[in-house]
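Starting from the known structure of chain A, arrange chain B on it as the hints suggest.
Protein chains in written order, with this note's numbering: chain A, 135 to 247; chain B, 480 to 624.
Be careful, since some hints might not be right.
What the hints assert, rightly or not - With a straight-line Cα cutoff of 20 Å, these simulated SDA-like cross-link-like pairs (lysine to any residue) come out: (1) A:203 to B:580; (2) A:219 to B:582; (3) A:203 to A:172; (4) A:200 to B:621.
Derived by calculation from the structure, the hints in this document are not laboratory data. Here the structure is a predicted model, which means the values were calculated and not measured.
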Amino acid sequence: MEVGEQTEEGCLVLAVAGRIDGKTAPQFEKAVLDAIPRSSGVLIVDCARVDFISSAGLRVFLLAVKRLKPTGRKLAVCALQPLVKEIFDTAGFTNLLPVVPDRGSALAVATRR
Amino acid sequence: MAALDAITCALAGPAGLDEVFRQLEVLEPFFTDNGVPSVMAGKLVLALEELLTNTATHGAAQSGAAPRLWVEAVITDGAVHVEIADDGVAFDPTAHPEPDVMAEADDRAVGGLGVHLVRSFMDEFSYERRDGRNIVRLTMHLSAP
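With the rest of the complex left out, here is chain A (with noise of 0.2 Å):
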């Protein structure tokens, strides 16, 4: 798993590619916790590259929920494969953070309340 940092209209994204799984997990939520302090309106995480999540993945995005929670700053997700999709969907994921299409949709999230 690989994840790059990008900054697209002010807005910090984390583009992964790879696997989050029990084996890479740790190494996405150091991503996703060092992010959290830098980022403003909404951290961004594109998952077009990513084809495969489990628990130990799913995991991160709600101990990343809860930290920009108190912050007032959000978390959204954008671009799933369908597998991934469908994992976050049978999770209740997508009820918990905005999973959107694209980054457009994902940057327009920061101005919605």
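Showing chain B alone in chain A's frame:
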């Protein structure tokens, strides 16, 4: 269409996380190379990761001899059957209570989420304790879209 012969992949090793990920790296291409569609193979690997990491974690908590882990996956023309066995302490994953997948973030716990995913994605999910081993059986039908 003529029925295909069953194709089997059997693995065994110490019930630790390194072994779990070694086995998953063997099982994923076993599924995809033998005609299991990629999304279904992904769900099988997900179910296996959730159950095997549970086993490795519970096994590690046991004192005494290091437990072992066995996985046998069989692909037939209509389904994939997986049997997971370990000789660690008795642990029934099917008895895990369902998590609340509609709860707000503050009330969410990740415990139980893995088993919920297994239950949701597999067509059959059963457990028995026999001869000092935990045996979990999974079936996924390949006819479903």
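Cross-check of the supplied hints:
1. At most 20 Å may separate the alpha-carbon atoms for a hinted pair to count; residue 203 of chain A and residue 580 of chain B meet this at roughly 19 Å.
2. With a C-alpha separation of about 19 Å, the suggested pair residue 219 of chain A and residue 582 of chain B falls inside the 20 Å cut-off, and the hint holds.
3. With a CA separation close to 15 Å, the supplied pair residue 203 of chain A and residue 172 of chain A stays within the 20 Å bound.
4. For the hint pairing residue 200 of chain A with residue 621 of chain B, the CA-to-CA distance comes to about 38 Å; that exceeds 20 Å, so the pair is violated.
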